[in-house]
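Number of protein chains: 2
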Amino acid sequence: MKIPHFSLSELVYLVALDTYRHFGKAAEACHVTQPALSTQIKKLEDILGVRIFNRGTQPLEPTPIGKQIIEQARKALKEIYRIEELIVEEKRQHRGYLNVGIIPTLGPYLLPRILIPLKERYPELRLNIRELFTEQIIWHLKRDLLDVGILVTPLNDEELTSEPLFYEPILAYVHPEHPLAEQATVSLQDLKRSEMWLLTEGHCFRNQVINLCREDNSFIKGVYYESGSLEGVQKMVENYGGLTLLPALMAEGIAQEKQRYLKPITPETPLREVSLLFHPPVVKETKIAILKEYIQKNVPQSFLSPDIGAIVHWQ
Amino acid sequence: MKIPHFSLSELVYLVALDTYRHFGKAAEACHVTQPALSTQIKKLEDILGVRIFNRGTQPLEPTPIGKQIIEQARKALKEIYRIEELIVEEKRQHRGYLNVGIIPTLGPYLLPRILIPLKERYPELRLNIRELFTEQIIWHLKRDLLDVGILVTPLNDEELTSEPLFYEPILAYVHPEHPLAEQATVSLQDLKRSEMWLLTEGHCFRNQVINLCREDNSFIKGVYYESGSLEGVQKMVENYGGLTLLPALMAEGIAQEKQRYLKPITPETPLREVSLLFHPPVVKETKIAILKEYIQKNVPQSFLSPDIGAIVHWQ
DNA sequence: TAAAAATACTCCATAGGTATTTTAT
DNA sequence: ATAAAATACCTATGGAGTATTTTTA
Numbered sequence: 161m162k163i164p165h166f167s168l169s170e171l172v173y174l175v176a177l178d179t180y181r182h183f184g185k186a187a188e189a190c191h192v193t194q195p196a197l198s199t200q201i202k203k204l205e206d207i208l209g210v211r212i213f214n215r216g217t218q219p220l221e222p223t224p225i226g227k228q229i230i231e232q233a234r235k236a237l238k239e240i241y242r243i244e245e246l247i248v249e250e251k252r253q254h255r256g257y258l259n260v261g262i263i264p265t266l267g268p269y270l271l272p273r274i275l276i277p278l279k280e281r282y283p284e285l286r287l288n289i290r291e292l293f294t295e296q297i298i299w300h301l302k303r304d305l306l307d308v309g310i311l312v313t314p315l316n317d318e319e320l321t322s323e324p325l326f327y328e329p330i331l332a333y334v335h336p337e338h339p340l341a342e343q344a345t346v347s348l349q350d351l352k353r354s355e356m357w358l359l360t361e362g363h364c365f366r367n368q369v370i371n372l373c374r375e376d377n378s379f380i381k382g383v384y385y386e387s388g389s390l391e392g393v394q395k396m397v398e399n400y401g402g403l404t405l406l407p408a409l410m411a412e413g414i415a416q417e418k419q420r421y422l423k424p425i426t427p428e429t430p431l432r433e434v435s436l437l438f439h440p441p442v443v444k445e446t447k448i449a450i451l452k453e454y455i456q457k458n459v460p461q462s463f464l465s466p467d468i469g470a471i472v473h474w475q
Numbered sequence: 161m162k163i164p165h166f167s168l169s170e171l172v173y174l175v176a177l178d179t180y181r182h183f184g185k186a187a188e189a190c191h192v193t194q195p196a197l198s199t200q201i202k203k204l205e206d207i208l209g210v211r212i213f214n215r216g217t218q219p220l221e222p223t224p225i226g227k228q229i230i231e232q233a234r235k236a237l238k239e240i241y242r243i244e245e246l247i248v249e250e251k252r253q254h255r256g257y258l259n260v261g262i263i264p265t266l267g268p269y270l271l272p273r274i275l276i277p278l279k280e281r282y283p284e285l286r287l288n289i290r291e292l293f294t295e296q297i298i299w300h301l302k303r304d305l306l307d308v309g310i311l312v313t314p315l316n317d318e319e320l321t322s323e324p325l326f327y328e329p330i331l332a333y334v335h336p337e338h339p340l341a342e343q344a345t346v347s348l349q350d351l352k353r354s355e356m357w358l359l360t361e362g363h364c365f366r367n368q369v370i371n372l373c374r375e376d377n378s379f380i381k382g383v384y385y386e387s388g389s390l391e392g393v394q395k396m397v398e399n400y401g402g403l404t405l406l407p408a409l410m411a412e413g414i415a416q417e418k419q420r421y422l423k424p425i426t427p428e429t430p431l432r433e434v435s436l437l438f439h440p441p442v443v444k445e446t447k448i449a450i451l452k453e454y455i456q457k458n459v460p461q462s463f464l465s466p467d468i469g470a471i472v473h474w475q
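In order, the protein sequence lines correspond to chains A and B.
For the record, in the first sequence the residue sitting at position 41 is 201 according to my numbering, with numbers rising by one throughout.
For the record, in the second sequence the residue sitting at position 241 is 401 according to my numbering, with numbers rising by one throughout.
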């Protein structure tokens, strides 16, 4: 029954310093002054008997053992925070924040479906949503700046774990005068022969489109325009011709009269696997379970099984 | 970057109070006075806003939510202790204690083989060994009073995880004038027809012998004497006749001239699966890995594979 | 020469001690 | 009646503040 020679606040400061790599910023994030944080870090290093950060380098960097200590401190702190969360869960109030990161090709189409019913049932649960690219979601999760990410898997990262949410079909969207506009469906072969509007780099959906349309391992054919949003590529199709691929939830929002230019893809509907991503140990277990429940309840029920098509990877 | 409103010492006191269920004893284990521990527990309950222990009952008992909090506090504290252990591991000094629990039918025969080479290679590693029954090992592990247990599996306990170490053959030991003494081996059928000296209740090996010798699910035949130690049953065989079963490591220590009365069992050598048992998260990972290495190095190498016989369950 | 981090010094909140009372069996 | 836990009160450690110096890019 030994009490450690360091305190929780020291661990919090340590983790903050690793996150911000700057004494002043870390101190601000902890609501203390820079000298307070500096002395506590120094004291922690003295207690543990190891140097955790290499000083006098720009930017500040942890030592090898420091990296291990920081990682372990993050894990320990989350188990500590879980104690408080247990009590909130026990009281069934579901009060508090849930920090959610979501990719831009999903957020604006998925979240409006769930926010209102969720708010009605759990008025005390505050969702703190940030639209981020996959890479940023991973970065934020590993620093515990997010509680959960919503993005497209599979992904292989040792530190993170994921739970599938649903499987979203990918559709083709063609210009009215495009030769394919007459067909009820378009084939993968058609896609591989076509010019395709693409999203800019960073969007995982861009990579899925490329993976779908490239012939084996050869170069990408006839793909040479890029927009930063799905609405962007949609408008490019409408105004300049050609075609693009769109995920089903976004495509549902396209005006009624244009829906006929959305074509299912044959022979197998390409799917993107949308998942929740965490950085264990998970603190806000129940809040995340609620989020999952509401997403799965408010998405077309056919999306819940991957049997409706073939999952497209993107890495 | 929020600092919890409670401190590590409060969690240590909480866990100690759960372990001892007595303010005075818990305080003593924490090297503080009873009023200090009392006030800290009360403060923790105030901070968390829940009652953790039902007072005024004998013995002291945690509330339902209290049980969850205590379990989570144990987990969190172990992740905290792991920080200090990381540094000891980094320095490759392997200084410190490892609290080991081992069953009585293994301890005196297995440990002498490893203690000397282990001490030579890692003089700073202090093994703190306690001989305990399986049930006691589990009890102590769950309260983190032991770092690791050495016992016979399979076992099914949700909270604990195990790693097989080796598979120890079980042999028959017969009196020189027993009818089976003439045979080179004895069959399972022979055993089922024989009177058998047994260990007292609590020894898992007793249950394995019973499981081996009982016909299907019927009652146990001809088994009606009990001793508290393997040497006890050995002496009973030698002085009063009959036979018993002995685990191989213990049997190896029997005098040379009596070794001929040790008989392999046919058709399949019965084995006991000896494993390490933990209560995750594991704090002293490397120390346990060293222990495992030295056990496996100093046991007959044929024991390392289960292919030499058939594992006998005992539950 | 700024910006960043470390140091010096002061204050006060609180953990823990002793002494004592209250509460349960 | 006795053991156990809670309360009262006091002390001292150390965490955090302000002011300042030192260091590095």
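Hints were generated in silico from the structure; no laboratory data involved.
On a predicted model such as this, the values are computed, not experimentally measured, just so you know.
Watch out, some of these pointers could steer you wrong.
Only pairs whose alpha carbons sit at most 25 Å apart, straight line, appear in this in silico SDA-like list of lysine to any residue [what the hints assert, rightly or not]:
| no. | chain 1 | residue 1 | chain 2 | residue 2 |
| --- | --- | --- | --- | --- |
| 1 | A | K202 | B | R303 |
| 2 | A | K238 | B | P441 |
| 3 | B | K302 | B | E244 |
| 4 | A | K452 | A | I274 |
| 5 | B | K203 | A | E250 |
| 6 | A | K302 | B | I247 |
| 7 | B | K162 | A | P222 |
| 8 | B | K452 | B | P440 |
| 9 | B | K162 | A | L287 |
| 10 | A | K227 | B | V248 |
| 11 | B | K302 | A | I468 |
| 12 | B | K202 | B | H165 |
| 13 | A | K302 | B | I163 |
| 14 | B | K251 | A | V442 |
| 15 | B | K238 | A | L287 |
| 16 | A | K238 | B | G184 |
| 17 | A | K162 | B | H191 |
| 18 | A | K162 | B | G226 |
| 19 | A | K162 | B | I455 |
| 20 | A | K203 | B | K452 |
| 21 | A | K238 | A | K251 |
| 22 | A | K238 | B | E249 |
| 23 | A | K162 | B | Y421 |
| 24 | A | K235 | A | P264 |
A few chain A positions that, by computed beta-carbon distances, are all more than 12 Å from chain B [to be verified]:
| no. | residue |
| --- | --- |
| 25 | L174 |
| 26 | E188 |
| 27 | P224 |
| 28 | V248 |
| 29 | H335 |
| 30 | V459 |
| 31 | Q461 |
Glycine included, each C-beta is placed from N, C-alpha and C at the ideal position.
- Item | Given hint A/L287 paired with B/K162 - CA-CA distance at most 25 Å | holds, 18 Å
- Item | Pair hint B/K251 and A/V442, alpha-carbon separation not exceeding 25 Å | violated, 31 Å
- Taking 25 Å as the top limit, are the C-alpha atoms of B/K238 and A/L287 close enough? violated, 31 Å
- CA of A/K238 to CA of B/G184, is that 25 Å or under? violated, 31 Å
- Whether A/V248 stays farther than 12 Å from all C-beta atoms of chain B, as the label says: Its Cβ does come within 12 Å of chain B, the nearest being 10 Å, so this is violated.
- Message: Quick check for students: does the CB of A/H335 sit more than 12 Å from each CB in chain B?
- Response: holds, 51 Å
- Query: Given the hint that B/K302 pairs with B/E244, does the C-alpha gap stay at or below 25 Å?
  - Reply: holds, 21 Å
- Distance restraint between A/K227 and B/V248, which requires alpha-carbon spacing of 25 Å or less: Holds: A/K227 and B/V248 sit about 15 Å apart, inside 25 Å.
- Pair hint outcome, A/K202 versus B/R303 [Cα-Cα no greater than 25 Å]: At roughly 33 Å apart (the allowed maximum being 25 Å), B/R303 and A/K202 break the hint.
- Item | Straight-line alpha-carbon gap A/K452 to A/I274, limit 25 Å | Holds - the C-alpha atoms of A/I274 and A/K452 are around 10 Å apart, at most 25 Å.
- Far enough from chain B: is every CB of that chain over 12 Å from the CB of A/L174? A/L174 is in fact no farther than 12 Å from some Cβ atom of chain B, at 10 Å.
- Query: Taking 25 Å as the top limit, are the C-alpha atoms of B/K203 and A/E250 close enough?
  - Reply: This hinted pair holds, its Cα atoms lying about 20 Å apart.
Hint violations for this structure: numbers 1, 11, 14, 15, 16, 19, 20, 23, 24, 25, 26, 27 and 28, all remaining hints satisfied.
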